[in-house]
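**Student:** Starting from the known structure of chain A, fit chain B onto it as the hints suggest.
The residues making up each chain are set out below.
Number of protein chains: 2
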Amino acid sequence: MKLQLDRKNKTEHLYLEVYHYYKNLILEQKLPSGSKMPSLRKCSQELKLSRTTIENAYLQLAADGYIIAKAQSGYYVTDIAARHILPAREKPDKEPEYLYDFASSGVDRESFRFDLWRRYIKSALRQDDRLLSYGEPQGEWDLRCTLADYIREHRNILCSADDIVIGAGIQSLLHILCPLLKEKKNVSFPTPSFIQGSTIFEDYGFRITYRNKNSDVIYVSPAHMTKWGEIMPVSRRLELLHHAFSRGSLIIEDDFENEFVYLQKPTPSLFSLAGGKGVVYLGTFSRLLLPSIRISFMVLPPDLSALYRQKAAWYNQTASKAEQIALCQFIRDGHLASQTRRLKRLYAQKLKSLLSAVREIFGSDAPVQIGAAGTSLALTLQTPHNAASLIEKSKSEGLRLQFLKESEGEVTVILSCSSMPAEDFIPACRLLKELSQI
Amino acid sequence: MKLQLDRKNKTEHLYLEVYHYYKNLILEQKLPSGSKMPSLRKCSQELKLSRTTIENAYLQLAADGYIIAKAQSGYYVTDIAARHILPAREKPDKEPEYLYDFASSGVDRESFRFDLWRRYIKSALRQDDRLLSYGEPQGEWDLRCTLADYIREHRNILCSADDIVIGAGIQSLLHILCPLLKEKKNVSFPTPSFIQGSTIFEDYGFRITYRNKNSDVIYVSPAHMTKWGEIMPVSRRLELLHHAFSRGSLIIEDDFENEFVYLQKPTPSLFSLAGGKGVVYLGTFSRLLLPSIRISFMVLPPDLSALYRQKAAWYNQTASKAEQIALCQFIRDGHLASQTRRLKRLYAQKLKSLLSAVREIFGSDAPVQIGAAGTSLALTLQTPHNAASLIEKSKSEGLRLQFLKESEGEVTVILSCSSMPAEDFIPACRLLKELSQI
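Those protein sequence lines, which keep their order, are chains A and B. Going letter by letter, the first sequence gives residues 1 to 438 in the numbering used here. Going letter by letter, the second sequence gives residues 1001 to 1438 in the numbering used here.
Chain A with its partners taken away, still in its complex shape (with noise of 0.2 Å):
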């Protein structure tokens, strides 16, 4: 490798010329760490190029910690190298593959046709106009129009298009609400457990308060009041809506898992009961489709609304316009509706047979809590060991538990079936008892 310069070029810019012949030199353990670099004396004689600009490449190398200056001595090749390249390549901290997950966030491979989306993406792709542009920063104007029909229909949520904002995920939603609520300074969420929601708040400041029905905002989901998926009776959403009017606090109902609700018709939303008026609506379609689609959206009520569409142009969107497009057309081809009614057939079929495992495997009496909706229920262990060691020990043997609560000889972990398939129902179980008894 030889350095050839292109003379032509300012002075102002040989320098960096050389500094990329040193660069690559190095980067390729032609010079390896260590080696000590020509003098500048030597290197402009060689190159034919002044002191100058020689000591500008060096200086340049140096602040980008490819050599290292040494008193009396020169220049040397540091050990970058193998600093930067290599080590990055294993990935850290890979999760171990488990031979039965029951504490995975996954959805179930049956659950989602691929091919059917891959279709309506391939056909978003197509409208290059429209990609050709940045979104709209509310969320595409017919995704939203397509969005507002469909909660009015299964929902009862009535909302005009300019009150829906969407964005990649409940956070980004977050982002934009927050900033909204300034007068706001606490926030209460049902349980600790919904850190991603709790940290956004902690970060505009607010103050976290737990089952506090006198905070400023009260954050909840409804339909999934517990992790075996208790869903909020209409008394106590409407008594909850009346007790927030009374002191002008704002709820934020995260609809989360309605679509789950298996064993009733779901309850009225909080949205609608309210009229529109005091609550913000969240919900999303990670569980619906593909965790990895990262589309949400939020109903404003009208004075947030308003305040909204003030700083609206200011705040780019974040979800794939893409992706966006291709929701719409596969919601007003009825697929999303389908979609729900077979998500929620699969998830009631398999929540029922892990019900049946677990009582054939712990019991029939074996203490179990399952909720309405969801898709997963809580089960209570007889077991000498602590929560910690039982699930440390799980996970050796490759089981996943989700830890709940324990007490005095009992622990109590939740089994989600949402992702295990349902042959490994029996096994898993029987393996939990082993590791709970031993």
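Don't read these hints as lab results, they were simulated from the structure. Any given hint could turn out to be false.
[To be verified] Estimated spans, in silico, between C-beta atoms of each pair:
| id | chain 1 | residue 1 | chain 2 | residue 2 | range |
| --- | --- | --- | --- | --- | --- |
| 1 | B | 1186 | A | 182 | 14 to 24 Å |
| 2 | A | 193 | B | 1310 | 15 to 25 Å |
| 3 | B | 1313 | A | 212 | 19 to 29 Å |
| 4 | B | 1129 | A | 196 | 37 to 47 Å |
| 5 | B | 1235 | A | 388 | 28 to 38 Å |
| 6 | B | 1332 | A | 193 | 36 to 46 Å |
| 7 | B | 1405 | A | 68 | 39 to 49 Å |
Note that beta-carbon positions come from the ideal geometry of N, C-alpha and C, so glycine has one too.
**Tutor:** Chain B only, in chain A's frame:
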């Protein structure tokens, strides 16, 4: 349409059936706005349901705004159907179609190989297993490795994939960065024009200043210092760094449009000049690929990288997983590099012909400012109009302009060549000249 009651249903839910029955009649306007609802007594007799069930249904309908109670008279249908469904249909304040758009932030339709990108998205969507789970909060590992290689090769930036955070656009990254800068109180921007950036800092309580090198945080775009593409010379970059370090200020380097530095080799990034300390590097692909592809990344210096890792798990990834997978392979196969070369040629070419169009129409001594980078030039017009009226007048004639500054008898506008086809330059300039004179 007759109400079919599912009598097996728990009474608790019969009221919902009545509710849906009337909801649909109202939305389909079979019960038109203003019409009176049957009395509770009459309705309960007809449906053979308890008065309470009917009353619950009516109360719910009222809560949702479908009907309204009038004292001593009964319930009446509101105009909700009209209000909520029909108006939302036509899209509000749609941008007019421009004949010539000198202010578009879009990209040239020749600039992007959709066929190619479609192929990469398609193969990404075949990785079912990966798409069934949530993405890595920090961004897909393989993409971060690929980016680390890419920016080392093209921007002399040495970092490990662990220091790279991916997000759906610069704002999503600032949402992660700002909370890491708790002790910093104020931030400086080069100009007030980058509102998308300053808004986020404001939302986190930062005080915004401009061109203030004594600020705690200094946000700069060295390759895009002015709208007409002036870049910051190495000497000034080194000054800035030394001053920032002496004061312990953090520099945020937004490398926006560095790829479009035509007239010379790209200047070393602040990040590399600083040896990776005290500088956060921001990169984006909106201008390079498609504005609608929402993938940006930041490189954190060691101290911030460590802080971030403590919270990383609580921030869900915002960028589409499929697009991350596609982009990773796209870069590995060398398409980003060639796309950059193609764009650089294309825009340099277009800027040159825009310049000659301006000289042809406005004379060879027309006061033009043009930088070493970017896709725009600044043109000062001698005109009797003030800026506002000139821009309005042009708009009504189908010519869109971006205002820069004005003084007595002069208006300076920015002409962007990025999305306008080259053959329009002459007619567009001719129209601009007419409008500025009459």
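**Student:** If a hint holds in the structure, say so; if it does not, say that too.
**Tutor:** Here's how the hints hold up against the structure:
1. 1186/B <-> 182/A: 14 to 24 Å: holds, 19 Å
2. 193/A <-> 1310/B: 15 to 25 Å: holds, 19 Å
3. 1313/B <-> 212/A: 19 to 29 Å: Roughly 25 Å apart at Cβ, these two residues keep to the hinted range, so it holds.
4. 1129/B <-> 196/A: 37 to 47 Å: violated, 23 Å
5. 1235/B <-> 388/A: 28 to 38 Å: With a Cβ separation near 59 Å, residue 1235/B and residue 388/A fall outside 28 to 38 Å, so the hint is violated.
6. 1332/B <-> 193/A: 36 to 46 Å: For residue 193/A against residue 1332/B, whose Cβ atoms are near 38 Å apart, the range 36 to 46 Å holds.
7. 1405/B <-> 68/A: 39 to 49 Å: holds, 47 Å
The structure fails to meet hints 4 and 5 from the earlier list, while all remaining hints are met.
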